[in-house]
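Visitor: Sequence:
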Amino acid sequence: MQNKILKTAFIALGAMAFASLPAHAQDDQYAKVKIKTTDLGGGVYMMMGAGGNLGLSTGTDGAFLIDDQFAPLSKKIMAAIDDVSDSPVRFLINTHWHFDHSGGNENFGKAGAIIVAHDNVRMRMSTDQVMKDFGREVKAAPKVAQPIISFAEEISFHQNEQTIHVFHVKDAHTDGDAFVYFEEADVLHMGDVFFNKMYPYIDLGSGGSINGMIAAQERALALVTENTKIIPGHGPLGNKDDLQNNLAMLKAVRMAVLEQIAKGKTADETVEADVLADLNEEWGGGFMKPEAVIRAAYKSLSGG
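Numbering (this note's numbering), first residue to last: 1 to 304.
Treat each hint with caution, since some may be false.
[What the hints assert, rightly or not] In silico lysine-lysine, DSBU-like type, Cα no more than 30 Å apart, as pairs:
| # | residue 1 | residue 2 |
| --- | --- | --- |
| 1 | K139 | K76 |
| 2 | K251 | K263 |
| 3 | K143 | K75 |
| 4 | K299 | K139 |
| 5 | K265 | K299 |
| 6 | K34 | K75 |
| 7 | K76 | K34 |
| 8 | K32 | K76 |
| 9 | K170 | K289 |
| 10 | K75 | K139 |
| 11 | K299 | K263 |
| 12 | K289 | K34 |
[Claimed, not checked] Cβ pair distances, simulated, as ranges:
| # | residue 1 | residue 2 | range |
| --- | --- | --- | --- |
| 13 | K34 | G285 | 20 to 28 Å |
| 14 | A252 | A111 | 41 to 49 Å |
| 15 | E272 | M131 | 21 to 29 Å |
| 16 | G284 | K32 | 20 to 28 Å |
Source of the hints: derived by calculation from the structure; they are not laboratory data. Beta carbons: idealized from backbone N, C-alpha and C, even for Gly.
Using the sequences provided together with the hints, build the complete structure.
Guide: Have a look at this one:
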């Protein structure tokens, strides 16, 4: 039941669904994608297309890119970067290993980008993986697509008049998540630890957990101010209020499910109890539907 529900959610994930379509259908879908670039100040931009949201820093030191969506979109993304940057991508940061955030690695790697990610991202991209929720096998990425620099806790870059802090948050969306903070521009990219204005997907099979998501968002809240621009993995550009609301939602989901676990209820009974009824109108409009969220939270909190 869990796999069936999550497969449905996966198909509903807009651009991520392209990967399950025939090649000609994928070409048609990607052909329609447009890359939208939003200037956040200080030479930093948010870019949206299909898949995870991108971050970009520009300047005389070369372009610094966060995530790269799907391989068929690389030319469009490179063209959009060229519109605001005089230099190609020098560094590429992957916020985690999922293919809607790292699918373009091979193309950017061949173009000369130095790929950087957490140790666990390199591990997962260099070996065959299975996305258990979707029953999807993911082959190891070609060597040119793998991170050639990896880090355990944090790494900093000093580029384009920006101090760029990249740091690991543990067992949140996956076991390899990284936040990227542009200190001078006051912009934070949170990857898929933050799905703005919608329920999140937590990849339990890749080491994610609802407790880790909450802890990571609490860490982000301690960093940001009312002026910080927050790039989510999915959804519109956010701010501190959006993050606070998202964190409150996650805590409400956790509490609602824990109450049912404490009563000895099964996952099916928890779903039947409609424990997220008060949250669904505000948060249920994304690709993760309430039943899938309940089941994922139940599994994460019960350990089974």
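Visitor: Each hint needs a verdict: does it hold in this structure or not?
Guide: Here is how each hint holds up against the structure:
no. : hint                      : in the structure
1   : K139 <-> K76              : holds (25 Å)
2   : K251 <-> K263             : holds (18 Å)
3   : K143 <-> K75              : holds (20 Å)
4   : K299 <-> K139             : holds (26 Å)
5   : K265 <-> K299             : holds (12 Å)
6   : K34 <-> K75               : holds (11 Å)
7   : K76 <-> K34               : holds (8 Å)
8   : K32 <-> K76               : holds (11 Å)
9   : K170 <-> K289             : holds (25 Å)
10  : K75 <-> K139              : holds (23 Å)
11  : K299 <-> K263             : holds (15 Å)
12  : K289 <-> K34              : holds (26 Å)
13  : K34 <-> G285: 20 to 28 Å  : holds (22 Å)
14  : A252 <-> A111: 41 to 49 Å : holds (44 Å)
15  : E272 <-> M131: 21 to 29 Å : holds (27 Å)
16  : G284 <-> K32: 20 to 28 Å  : holds (26 Å)
In summary, the structure agrees with every hint in the numbered list given earlier.
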